[in-house]
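Novice: Protein chains in written order, with the UniProt record's numbering: chain Y, 1 to 245; chain R, 1 to 227.
Everything labelled a hint here was simulated from the structure, so no lab data went into it. Just so you know, these numbers come straight off a predicted model, no measurement behind them. You may find that some hints are simply not true.
To be verified - Capping the alpha-carbon separation at 27 Å, the derived lysine-lysine pairs in DSS-like fashion look like this: (1) R:43 to R:57; (2) Y:241 to Y:211; (3) R:134 to R:57; (4) Y:72 to R:203; (5) Y:72 to R:130; (6) Y:134 to Y:193.
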Amino acid sequence: MSDGLDGVDDFGVNPFEETLPDTPLEEVPPEPIRNIEPEIAPKPIEEERPLAPGLLNYYSRYFQLTTADFRKRVLGSLSLRNEASPPDLYGPLWITATVVMSRFLGSGLFTLCIDGVFGGISTEVKDSSRQSWKLVHSAWLFYAYTLLTPFIAQKLLATNFIPLVSTYGYSNVTWIAGCLLLSVVDEFRRLGKNFVITIIEWVIVSLIALKRSYSLYNELEAGRKSLPLLVVDVAFCVAAKILLF
Amino acid sequence: MEADTIEADFITNDLTPDAFPASGSMDGGSVAKRGTLDESILKTFKRDIGDINSRLKQVVYPNFLIKRLDGSEQDFTNASIHCDLWAPLTFIILYAVSVSPAHAKTLFSSLFVSQWFVLLVMATHLRLTKPQAKTSLISYVSVSGYCLFPQVVNAVISRLLLPLILKVAHNSSWCIRALVLLRMLLMGICLFWSVSSISFVTKSNNFIEVYPLALCFFGIGWLTVIL
Numbered sequence: 001m002s003d004g005l006d007g008v009d010d011f012g013v014n015p016f017e018e019t020l021p022d023t024p025l026e027e028v029p030p031e032p033i034r035n036i037e038p039e040i041a042p043k044p045i046e047e048e049r050p051l052a053p054g055l056l057n058y059y060s061r062y063f064q065l066t067t068a069d070f071r072k073r074v075l076g077s078l079s080l081r082n083e084a085s086p087p088d089l090y091g092p093l094w095i096t097a098t099v100v101m102s103r104f105l106g107s108g109l110f111t112l113c114i115d116g117v118f119g120g121i122s123t124e125v126k127d128s129s130r131q132s133w134k135l136v137h138s139a140w141l142f143y144a145y146t147l148l149t150p151f152i153a154q155k156l157l158a159t160n161f162i163p164l165v166s167t168y169g170y171s172n173v174t175w176i177a178g179c180l181l182l183s184v185v186d187e188f189r190r191l192g193k194n195f196v197i198t199i200i201e202w203v204i205v206s207l208i209a210l211k212r213s214y215s216l217y218n219e220l221e222a223g224r225k226s227l228p229l230l231v232v233d234v235a236f237c238v239a240a241k242i243l244l245f
Numbered sequence: 001m002e003a004d005t006i007e008a009d010f011i012t013n014d015l016t017p018d019a020f021p022a023s024g025s026m027d028g029g030s031v032a033k034r035g036t037l038d039e040s041i042l043k044t045f046k047r048d049i050g051d052i053n054s055r056l057k058q059v060v061y062p063n064f065l066i067k068r069l070d071g072s073e074q075d076f077t078n079a080s081i082h083c084d085l086w087a088p089l090t091f092i093i094l095y096a097v098s099v100s101p102a103h104a105k106t107l108f109s110s111l112f113v114s115q116w117f118v119l120l121v122m123a124t125h126l127r128l129t130k131p132q133a134k135t136s137l138i139s140y141v142s143v144s145g146y147c148l149f150p151q152v153v154n155a156v157i158s159r160l161l162l163p164l165i166l167k168v169a170h171n172s173s174w175c176i177r178a179l180v181l182l183r184m185l186l187m188g189i190c191l192f193w194s195v196s197s198i199s200f201v202t203k204s205n206n207f208i209e210v211y212p213l214a215l216c217f218f219g220i221g222w223l224t225v226i227l
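All chains, full assembly: derive it from the sequences and hints.
Specialist: Here it is as structure tokens:
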């Protein structure tokens, strides 16, 4: 059967083939989708690994505090208010170290300024052994008191040891300024008025003892039970005056 | 039989500096160099001093400030892993010899012991405040010992060199005044140097971490002024 159209290709153009238009389509910028926030890849949460057993790892929990926490606790110990805060061991150790250093710095600095800078006299030989002994005495006295008295307090008040160490340690803040002040006053002994200087020093030590006793009485919250501890604290202040100044 | 053999997908090189840090150098090449018994003592000393020097370049020398500004911290990532006590020992001996005067024989031993104690205190502080860091106590002792270097420079200049100048100037009162002031100035500069070094190496940024280290270095520096 012939349809009379021999030689004519009925399928010159494949009707099933997709053809591209001659003119390119106008590019339309994608419209921003409103009210949908761009997706942000979530940050991986760093999980803290559990610490391995060990003495240092165990006690490291008492050294994890921020600068703001530390400032707050120091200011709290200076004020007469009783502010409850979690205990730490950072303050007791380093505040006591600062007290020892303030005694060491205070006595040396004023001697150096008066003799070395103003007087032009060499102070190396005569003062070195005195400075060393004062450093040793202040170190053992303050650390022994700060770390051993809580043992007695623990027996008397039946409370935990670490909060007591924290309380006693932060109460040493008063001694930082006290040591510097007493060092300045001590330098006036070279004027010859020893009696007056001794009275001034005892007044300063009494004020420090009073402030410490009041703070400890508030923070221990034990009423009359804490009275023996306050007596021990006053005895410590007297010992510090006799041994160090 | 070959089918039963399990081959490793990758080969682990355990002789990396992280695994076995060679003293003073971060390249694995010096690992093979160690343990040579047939070399001369001079060569051993030279190598050890070279190692200490390369370590000082890494953590203490002032060029670390330039590198910090560049942001190239890859050289310092393994700083705390390193552990040797030769440099701290050398620095402590140098410090104690410089600070203790000729007539004070007992002072040397007191200074020697107290410096090691201070390094141990600093290391314990770093270990307690950074319990999650994978650094051992002895590594912190080593790092703290390296950062003692500015204090040694302070001790040598203020206790040995400055008094020599004073002797030349016949011990006049003005020279003593200048000596005291120069010692205090030098102590301040070296204290800043030591504290910046240790806070950079141990990545200590906040007050809680830096203050005890600064206090310890201040005590060491103050001894050179006062004794």
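Novice: Hint by hint, say whether it matches the structure.
Specialist: To see whether the hints hold, each was checked on the structure:
no.	hint	result
1	R:43 to R:57	21 Å, holds
2	Y:241 to Y:211	16 Å, holds
3	R:134 to R:57	23 Å, holds
4	Y:72 to R:203	25 Å, holds
5	Y:72 to R:130	22 Å, holds
6	Y:134 to Y:193	22 Å, holds
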